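Trainee: Go ahead and model the full structure; you've got the sequences and the hints to work with.
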Amino acid sequence: MKTAVIFEERKDQIYRKGEQPFELACNRESLAGAVSQRACVFCGSRVVLYPIADALHLVHGPIGCAVYTWDIRGALSSGPELHRLSFSTDLQEEDVIFGGEKKLEAALNELIERYQPRAAFVYSTCIVGIIGDDLAGVCKKVEAEKGIPVIPVQSEGFKGNKRAGYEAACKAMFRLVGTGDTTGISPVSLNILGDFNLAGEIWIIRDYLKRMGVEVVANITGDGRIADIQRCHGAALNLVQCSGATLDLAKMMKEKYGIPYIRVSYFGIEDMAESLYQVARFFESRDPEIMKRTEAVVREELEELHPKLVEFRKDLEGKKAAIYVGGAFKAFSLIKAFRHLGMKVVMVGSQTGTKEDYRELEEITDPGTIIVDDSNPLELSAFIKEKDVDIFVGGVKERPIAYKLGVGFCDHNHERKIALEGFVGMYNFAKEVHSTVISPVWQFAPRRQKQKEAGNE
Amino acid sequence: MSDNNPVTVVESRPGALDTRVSARKARPSYVSTTNACKLCTPIGAALAFRGIEGCVPFLHGSQGCATYMRRYIISHFREPMDIASSSLGEKHAIYGGGPNLKKGILNVMGKYGAKIVGVATTCLTETIGDDVPMILKEFRREFSDLALPHIVFASTPSYSGTHMEGWHAAVRATVEQLVTDKVSENGTVNIMPGFVSPADIRYLKEIATDFGIRPTILPDISETLDGQALEDYETIPSGGTSLEAIREMSGASASIEFGRTLSCLETAGNVLKKRFDMPLYQIGMPIGLRETDRFFQALEAITGRETPQLHQMERGRLVDAYIDGHKYVSGLKAVVYGEADLVIGLTSFLVEIGIRPVLVATGSKDKVFKQAIEEVCKGIALGASLPAIREGVDFFDIAEEAEGLKPDILVGHAKGYKMAREWNIPLVRAGFPNHDRFGGQRILHLGYRGAQSLLDRIINAIIEKKQADSPIGYWYI
Ligand code: SF4
Ligand code: SF4
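Residue numbers (our numbering), protein chains in the order written: chain Z, 1 to 457; chain G, 1 to 477.
Quick caveat, the hints were computed from the structure, so don't treat them as lab data. All values derive from a computational prediction rather than experimental measurement. Positions of the beta carbon are idealized from the N, C-alpha and C atoms, including for glycine. It is possible that some hints are incorrect.
[To be verified] Ranges of calculated distance between the beta carbons of each label pair, as one might list FRET restraints:
(1) Ile94/G / Lys141/Z: 56 to 64 Å
(2) Glu266/G / Phe22/Z: 55 to 63 Å
(3) Glu266/G / Ala227/Z: 38 to 46 Å
(4) Glu403/G / Gly184/Z: 38 to 46 Å
Mentor: See below:
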């Protein structure tokens, strides 16, 4: 049985593999009234820059934009925790009428004096774009007075979608790059881009790299430090995780500083291992022993992980999964990770995938899989039912959709507090998937009960 | 931002309260907001609209606001919360959002089968100056051949007000725009409870039923934000105040509104009073014994009936528990924060049980907040001193101010957790949001039963801390 396409205008943003030649529209404005799961440009830049822990993050706008992004992620810091506070200019009516520049300047001065941050990021929101505050001008002035970088992030919510926010964030960070001293950096060194250190994940990756003998110059942006970013152009390589968030920064660094980048993923066994091997291959000419050490790391980790996965697989074999995530890149790894658990992905979608992302998804999925761009609760619930899945992977907004339909859920979004990266992350993932899929509670869910009755008749 | 001049002069009269605590020291007034203790206006409207049957909340603005609010609300209620948006992009921001608003409503009609669409503006559309009533008028004309839903509209710019203003604006707009005709007397009573929990609303219904009243509770989020496990994903969650019931509000024998700060607002109750000459009982949120007594007195006055035995007994047990528990809490210092009316209610309750609120704070600015706090403390506050009363503050202000007061306990929503953790004192969660505990939607605040449950939770929090801090770990405390 096939569910009707829910919104006529969104027909070409949904594809069922094998039905016709691949074609999927994406990167559009969300349809009015469709309850998109997407946020805004500001959201994109906020989530990327937020984990830089020793910077001040000031949201210039009315209160909501700052409140809803207050410590929203589980991005950990090994030192300062300035990023976990929520700062706003809380614009009031008179500011909207007469302009908010004065207030912004005063707020910046006040907060910089109070917290002595290493830099400040100032985010513009929708309304700032409308009232036309000269964000760059104010930042420049305060920067000169306070002697720290004060960087405007042009992230007016309505000027595109989350992807545009990533770009704004990258532009902002690029202003820092190249301003620090690079002496003493090893030739076997790299920057980690696009990892947000959720639940301490970047520490897992750094540990692998350390065991391989690679120096990490800067974490961009999880557990990030301004000083590291300022000297990160001294690294030999950029390691870019995730499709959207920091790719632009890597490209800019390649152009200006000639630093090559590779795109990696730390989710799942193959992708994690392959990422490390890619690094090893890159540095092999400079450090002939690196491949051996890398193989050892992978071997040690897998020896520990494998028997545990086999256990989980016993219960999970043949179960079906649906995936709806922010960036499509994550979905590739998730599909492979589910295969390791003997599970099949029957629906996959993202908020901000690109044409290339979706084409690649089409290649690696099985026939019949639904691929969808910028979806909404109505569609997602219809797909879950149509495909009769056992688990739905998404974020907080997707959770009640799964639960209302009596379907297990795994949070793979930025709010999770469980590390899913690396080999240990694969174990955590398997454990979480297992714990929800095998839970006895589903048998009480009305939809499941009905299915069971129907099956027994 | 805090008031720069915290010194208050209370008229000297016999038994007048000492205001030394409030006059203690002048704190600087900050320009920046750090960890806000309020939310933006449209989220309040969206929440209120969620309590109307068949209604889809619709934000006229860019996509981000709606998505952020959904996430925020879902984390507390753990229920689906679909908020539609006109998803404005750059060109709409320049040329006006009318076309997208219309398109969005059509989509919500078609796919959600909305009976009512609750439209609220956002900062963006208020700033670009979209004339929403006019756009809606055009919309109704253009699509007059379709079966259109009712569209309720509330103006909710976030740069003037907090989520509570948004909530009340949506409730008032609903009444203003839907309760237009006088129906004949129908023996109902309108209750506008404000932003209370689904559990509170279920309990209010019980009370009303026990009084033999047919209540119309507006809005009613008791089912829509705390629903059952069902067979299917409901496009619009069942429950909520029905359109029929809303229409019939003009035939009620009286209206009751909770909230001591409402007196200076143009509320839904005022609209009904003016339009239909309907008696209005504006009373504080019935939290604790005395405020609940007032509520029951109102019900007695409206129905001419005595409080049913069941509730008298609940009251009796509550007083008994007040006595049984008093030593655990007597003299403890509390910091209370959150929505103004909730804070007033909680403060009233805390002083009853002998806890000393040393600081009561809210992120909003209400003309009568201070006065209301003084009223509920009058003649009962321990140590004959008033708490410091702060409006328009954020958590940075609250923490700075409270630090020197050495509170023993925090009472408020979950965002005070950081302070509680730093000071190693219990945080008793009340109100919204509750993002770090399970069951926020089931916290009971109102009535004798709510006071009982708050009392139990507070005392147990104190005992738990004693046990945790004790090197011995007593079994009998
Ligand atoms: S723009 Fe206004 S309505 Fe939107 S989230 Fe920010 S404060 Fe709230
Ligand atoms: S106002 Fe704009 S920037 Fe703020 S949350 Fe809404 S869409 Fe995003």
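Trainee: Does each hint fit the structure? Answer for all of them.
Mentor: Hint check results:
no. : hint                            : verdict
1   : Ile94/G / Lys141/Z: 56 to 64 Å  : violated, 28 Å
2   : Glu266/G / Phe22/Z: 55 to 63 Å  : holds, 57 Å
3   : Glu266/G / Ala227/Z: 38 to 46 Å : violated, 54 Å
4   : Glu403/G / Gly184/Z: 38 to 46 Å : holds, 43 Å
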